[in-house]
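Chains as they are written, first to last, in the working numbering: chain C, 1 to 784; chain D, 1 to 163; chain W, 1 to 284.
It is possible that some hints are incorrect.
Derived pair list, reagent style SDA-like, types lysine to any residue, alpha-carbon separation capped at 20 Å [unchecked claim]:
(1) D:Lys130 - W:Gln82
(2) C:Lys783 - W:Gly150
(3) W:Lys232 - W:Asp206
(4) W:Lys232 - W:Gly258
(5) C:Lys776 - C:Leu760
(6) C:Lys448 - W:His273
(7) C:Lys783 - W:Lys208
(8) C:Lys783 - W:Leu254
(9) C:Lys776 - W:Ile257
(10) C:Lys783 - W:His273
(11) W:Lys29 - D:Arg128
(12) W:Lys154 - W:Val139
(13) C:Lys26 - D:Lys130
(14) W:Lys208 - W:Leu247
(15) C:Lys26 - D:Glu82
(16) C:Lys79 - C:Ile103
(17) C:Lys783 - W:Glu249
(18) C:Lys776 - W:Arg189
(19) D:Lys130 - W:Leu254
(20) D:Lys130 - W:Arg189
(21) C:Lys783 - W:Arg276
(22) C:Lys609 - C:Ser598
(23) C:Lys658 - D:Thr22
(24) D:Lys130 - W:Leu247
(25) C:Lys559 - C:Arg625
(26) C:Lys448 - W:Arg276
(27) D:Lys123 - D:Gln159
Cβ-Cβ distance ranges computed for the label pairs, FRET-style [stated by the list, open to error]:
(28) W:Arg145 - C:Gly64: 39 to 49 Å
(29) C:Gly64 - W:Ala56: 26 to 36 Å
(30) C:Val583 - D:Glu95: 22 to 32 Å
(31) W:Gln22 - C:Asp141: 48 to 58 Å
(32) D:Gly162 - C:Met432: 40 to 50 Å
(33) C:Gln10 - D:Thr124: 35 to 45 Å
Quick caveat, the hints were computed from the structure, so don't treat them as lab data. A virtual CB, placed ideally from N, CA and C, is assigned to each residue, including glycine.
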Amino acid sequence: MAVNRKVIGQSLPRPNVMSFIKGHGKYLDDIIVPGMLHVCYVRSPYAHAKIIEINADDALAIEGVVKIVNGKDLLEYCKPWTAGLTNLGEMRSAPQHAMPPEIARWQGEAVVAVIAETKAIAEDAAELVEIDWEELNPVTDLQKATENDSALIHPELESNVAWSIDIDAGEVDSALENSDIVVEKVFEVGRQTGVTLEPRGMIADYDRGKSYLTLHHATQVPHIQRYIIARQLGLSESSVRIICPELGGGFGLKLHVYGDELTTCALSMMLGRPVKFVADRLESFLSDIHARGHRISAKVGVNKDGQIQAMTLDNLAGCGPYLIHPRTSVIEPLLVAICTPLAYNLQHYRAKATLVYQNKVPTGQYRGVGMPIASLVAEGLVDAAALACGIDKVEIRKRNLHAVDAYPVTAVSGEFLEGLSQVASLEKLTSMMDYKGLRAEQKTMRDKGIHRGIGVVTVVEGTAPSPALYAAGGAPISSRDACTLRLEADGEISCTTGLTDQGQGGVAIVTQIIADTLDLSMDAIRVSMGDTATTPFGGGTWASRGTAIAGEATLRAAKAMRASILEVTSMISEQPVDILDLVNGEIVNLETGETQMSMQDVGQAIHFKTHQFPEDFEPEMIITRHYSQREQLMVYANCALGVSLDLDINTGLVTLKKIWAVDDCGRIINAKLVTEQLRGGIVQGIGSALFEECLYDEDGQLLNGNLIEYLVPMAGDVCDIECAHIETPTKASELGAKGCGEAGIIGVCGAIMNAINDALEPFNASVTSQPFTPAKILRALGKV
Amino acid sequence: MSELTQTVDVCITLNGHSIKATIPARENLADFIRHRIGLMGTNVGCEQGICGACTIRLNGDSVRSCLTLAAQANGHTVETIEGLTDSGEISQLQEAFHRNNAAQCGYCTPAMLITATELLNSKTEISRDKIREYLSGNLCRCTGYHAIIDAVEEVAEAQNNGR
Amino acid sequence: MKPRSFSFTTAHSVEHVIGLLQEHGDEAKIIAGGQSLVPTLNMRLSAPQLLIDISALDELRGISLDGDRLRIGALTRHVELQSNKLIAQHLPLIASAINHVAHVAIRNRGTIGGNLSLADPASELPACSLALGAELSIVGNKGKRIVKAGDYFKDLYETDLQANEILVAISFPLATTNTVHGFREFVRRRGDFASCGLVMNGERQDGKLTSLAPVFFAISNTPVLASKCAAKLLNKTLNDDLIEEALLELDRELPVIGDIHTSTEMKLHLAKHYLREILGEINV
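Full structure from sequences and hints, please.
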């Protein structure tokens with residue numbers, strides 16, 4: 001059945017966006033449950049310390065304090081868990097408790113819960129909880145953590161090394177030996193955190209009568225969270241209901257298992273009352289997952305003509321004291337190893353990664369997961385090679401990208417790539433940014449003492465993972481998603497899906513696909529998400545999977561709904577089904593051109609007037625379809641990205657002039673929303689590249705855990721971002737959509753680094769340690 | 001010693017309605033608006049005065065409601081996104097935000113609208129850079145700001161051309 | 001992140017404030033705009049028993065000419081400094097510095113009196129006061145006294161203001177046709193607290209500087225007047241060699257303290273760069 005694309009591809013406003021613009025967005029902290037208590041957590045002031053004694057007498061004496069609970073009290077309510085995946089080699093992993101009964105392993109780990117009538121009272125009491133600590137040796141430095149004489153975070157694991165991997169493809173040593181030029185660089189990528197504008201939060205409401213736990217939970221993945229929370233609390237999955245309010249940002253931060261959240265659930269069960277937990281900004285910095293924190297030694301061997309012969313990298317990464325559950329902290333270094341060589345055609349590649357435990361906040365999946373690091377390394381090496389060979393930086397990329405007719409191609413790290421438009425994207429980018437004009441301008445500016453830098457990168461973005469990534473390793477993570485459509489009696493469509501929407505536009509995407517397939521007005525479709533009691537089981541929102549996975553499930557459900565509507569019409573009108581079609585919300589006889597029935601007629605017929613049907617005819621008007629992508633580890637999309645910036649060589653300050661991006665995410669449902677995903681990702685990546693870093697001292701104390709000293713990019717610190725699109729549908733699904741949420745953050749870090757180094761070229765200086773701060777730039781220039 | 005209590009009586013004109021209450025002195029204006037009055041359109045992001053999500057209008061000026069005690073608003077006029085939406089004062093800017101998809105998660109949006117409105121009302125010459133500078137106390141983690149700047153610029157241009 | 005409990009009272013006169021301060025001592029704190037105080041309350045870094053709200057004291061408002069000085073009431077908000085014509089005309093240094101103070105919503109509430117009472121070393125206005133030779137009017141139980149800015153900033157968040165005193169106004173000498181000034185600050189993001197800043201005020205006659213006050217801020221516990229460096233530059237024709245020689249004094253006289261983002265060495269580098277830049281600018 002041909003789908004006439006009337007709505008798919010149009011840049012329509014999101015159906016739900018006006019609600020936010022009018023201030024009606026309903027977030028977790030906006031919800032009030034009658035009888036609700038508030039919890040405040042006392043968090044470990046030390047990176048590694050043993051709890052000797054807790055004295056909560058003074059705290060308990062405060063009026064309005066209901067209960068004070070520690071990790072030992074919690075043991076009978078919440079089981080510890082051990083993160084791990086079995087499909088990625090050996091992982092050393094230790095059990096993690098919701099609150100540790102004995103040893104705190106990072107500064108900020110929740111150790112005591114204070115429950116009170118108000119948040120302010122809970123905070124008053126929390127100040128009075130006295131804990132007698134015995135400080136243990138903190139493990140903070142990555143290199144030292146791997147050495148034999150290091151203190152151990154988990155002595156039973158006998159090492160601080162959590163995981164390692166070796167990839168060795170082709171004949172790397174001889175390829176390097178035979179290369180005309182070998183360039184070697186050490187890249188550092190600082191630790192960061194996600195900083196959702198809305199902090200994490202949950203209201204747990206346990207009904208002792210029904211043994212039923214209702215959670216209002218700010219999560220990206222309600223079905224996955226429900227499974228895990230039920231399992232840890234010893235409840236059946238069906239006795240837990242998660243309702244997601246609107247989320248003030250996710251970015252991967254709101255899909256992990258957090259001890260303070262599980263504790264909140266247990267507290268409600270303990271007390272039989274609703275308990276609200278909303279992290280404040282200071283505890284967000286100490287308890288939300290961190291990410292990145294890698295040090296990579298890398299080499300590239302090239303011939304004089306710029307042809308890449310071989311690449312190697314050795315990555316040392318830190319992960320906090322636990323592998324975050326359920327995804328593990330392994331995926332970031334894994335993706336660095338897999339994705340670094342993806343954009344280019346090379347035959348010899350070696351990657352080694354070592355992930356070590358540290359007494360710092362646990363790391364986990366944050367927007368882009370490993371791929372921004374991979375791109376930084378690859379693009380940094382390619383620019384360095386271009387400089388060494390004396391070749392233009394765009395030209396060297398053209399010489400090394402997979403050939404236009406090469407697809408499908410298996411990259412040197414083993415990944416399957418199909419339908420990429422790297423060359424076309426790069427060409428479109430360079431024409432859009434007027435690359436030649438910029439180079440000429442750069443030259444005249446240099447003569448005037450203005451140091452302009454230009455950076456261009458080509459990005460391959462992994463999206464829409466298959467179950468091979470997590471579920472095959474035993475993690476309770478659904479790569480599948482689902483869409484349920486119901487024709488209502490008034491002829492409108494209600495839709496539920498396992499997807500969630502944090503503003504990316506999932507509601508719009510799903511609505512557009514349904515409207516397009518059923519030729520219905522967008523206004524006749526209502527999508528709801530996030531409630532595990534009413535939505536079909538699905539993986540939720542992560543890894544740029546919404547459109548590619550839930551979108552395909554939606555297309556399938558809408559097509560089935562269409563068939564069902566036509567079948568009912570055919571039955572009632574006694575016309576053959578193949579001459580009927582849905583046109584503008586009505587069922588039309590294609591031969592006569594007349595309207596056979598309206599959608600409302602069909603709705604009335606199936607819900608009320610079933611006496612019209614033959615006895616053995618019961619049409620399905622609640623239709624669910626599923627989809628999981630199983631062909632490729634990830635569906636790879638591509639993007640080309642360019643940056644122009646000015647560098648003040650006296651202060652080290654970078655002024656971004658303009659950023660351009662050309663993205664190919666396959667079938668485009670709504671180009672405006674793709675553009676906005678790119679822009680949002682790019683600005684978060686500007687944060688990574690120029691501003692954001694969790695700074696620790698050697699004792700594992702976070703030095704800048706607040707929004708004053710942890711710098712996120714604001715409107716005045718970034719520039720305009722011009723986007724364009726190329727549309728190469730993936731063959732993995734009928735819809736043909738790939739993901740688009742991360743290309744921006746993946747590409748822009750390397751593009752900014754390259755642009756800075758481009759500006760630094762006349763000074764024979766370069767920076768490779770992210771964030772690329774004024775201090776590092778001045779140091780590279782020898783000014784400080 | 002004079003008699004001091006940890007509560008205060010306030011009378012605040014909130015979105016045109018006079019509200020009298022006896023509240024803890026330590027209650028900030030954000031908590032007063034949200035949890036005492038129940039107007040949840042004002043969002044709280046940091047309670048440090050940095051993120052700008054809680055920006056409201058006090059006596060016509062944009063201010064951080066997390067850095068203002070409710071007691072300090074006694075006798076004064078407070079306007080929030082709810083009042084500004086209902087009065088229609090910001091409808092043109094809201095339409096522009098809608099057209100441009102200048103909101104993603106929406107958490108920063110009410111405060112962004114209030115700050116941008118102040119700029120649009122300021123009678124100063126408005127450029128993209130001026131908009132960026134003016135909004136640089138309002139964190140948006142989703143959009144990358146470009147669409148927000150577009151929306152504000154559109155309204156500024158319409159104001160220049162039309163009225 | 002909620003403050004500890006406190007009492008709150010609205011002052012009806014300066015005498016009332018002094019009385020309350022006398023009575024409650026260190027337990028009481030004055031609140032005006034609250035833009036620096038309230039974050040510390042929220043984070044429980046300070047926990048006074050009593051807040052005395054002075055925002056209703058109209059006698060602390062206003063910007064007016066007072067002979068050859070401009071008097072600014074302590075309750076004057078940053079936004080008022082930004083838009084005031086007298087400031088623009090007579091205190092061009094403040095007019096240029098004030099645009100760099102935080103963001104609009106903060107400037108709409110923050111006051112000059114609050115700013116100078118707290119005396120954050122990274123703040124612009126304390127440095128301006130020092131460079132311009134401001135005089136601070138302070139009222140206490142013994143009446144009013146005037147303190148010169150040069151005697152006012154004592155140490156980190158420590159000023160000459162006593163626990164039972166209130167800053168009521170600040171007065172500045174007016175700029176003349178001979179006045180030269182400059183402003184620079186190093187911020188990673190617009191509106192942030194600076195990591196190194198320079199405000200400079202001076203007089204020039206016949207192409208030579210006859211007075212010069214380069215004041216560095218955000219480099220130490222207080223704003224610092226680089227008087228030895230300035231002395232080298234007075235009454236001479238400026239040239240690169242002279243400037244470089246004067247800059248060497250900064251190595252000796254600036255008590256630079258690094259912070260987590262900006263090292264001591266970098267602050268000193270920036271300090272010299274900014275002074276070099278401003279001197280170059282006024283020497284054109």
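Against the structure, the hints:
no.	hint	in the structure
1	D:Lys130 - W:Gln82	holds (15 Å)
2	C:Lys783 - W:Gly150	violated (32 Å)
3	W:Lys232 - W:Asp206	holds (17 Å)
4	W:Lys232 - W:Gly258	violated (26 Å)
5	C:Lys776 - C:Leu760	holds (12 Å)
6	C:Lys448 - W:His273	holds (19 Å)
7	C:Lys783 - W:Lys208	violated (30 Å)
8	C:Lys783 - W:Leu254	holds (18 Å)
9	C:Lys776 - W:Ile257	holds (18 Å)
10	C:Lys783 - W:His273	holds (11 Å)
11	W:Lys29 - D:Arg128	violated (41 Å)
12	W:Lys154 - W:Val139	holds (18 Å)
13	C:Lys26 - D:Lys130	violated (31 Å)
14	W:Lys208 - W:Leu247	holds (17 Å)
15	C:Lys26 - D:Glu82	holds (13 Å)
16	C:Lys79 - C:Ile103	holds (16 Å)
17	C:Lys783 - W:Glu249	holds (18 Å)
18	C:Lys776 - W:Arg189	holds (17 Å)
19	D:Lys130 - W:Leu254	violated (35 Å)
20	D:Lys130 - W:Arg189	holds (15 Å)
21	C:Lys783 - W:Arg276	holds (15 Å)
22	C:Lys609 - C:Ser598	holds (14 Å)
23	C:Lys658 - D:Thr22	violated (52 Å)
24	D:Lys130 - W:Leu247	violated (35 Å)
25	C:Lys559 - C:Arg625	holds (10 Å)
26	C:Lys448 - W:Arg276	holds (19 Å)
27	D:Lys123 - D:Gln159	holds (10 Å)
28	W:Arg145 - C:Gly64: 39 to 49 Å	holds (46 Å)
29	C:Gly64 - W:Ala56: 26 to 36 Å	holds (32 Å)
30	C:Val583 - D:Glu95: 22 to 32 Å	holds (31 Å)
31	W:Gln22 - C:Asp141: 48 to 58 Å	holds (54 Å)
32	D:Gly162 - C:Met432: 40 to 50 Å	violated (32 Å)
33	C:Gln10 - D:Thr124: 35 to 45 Å	holds (37 Å)
The structure is inconsistent with the numbered hints 2, 4, 7, 11, 13, 19, 23, 24, 32, although it conforms to all the rest.
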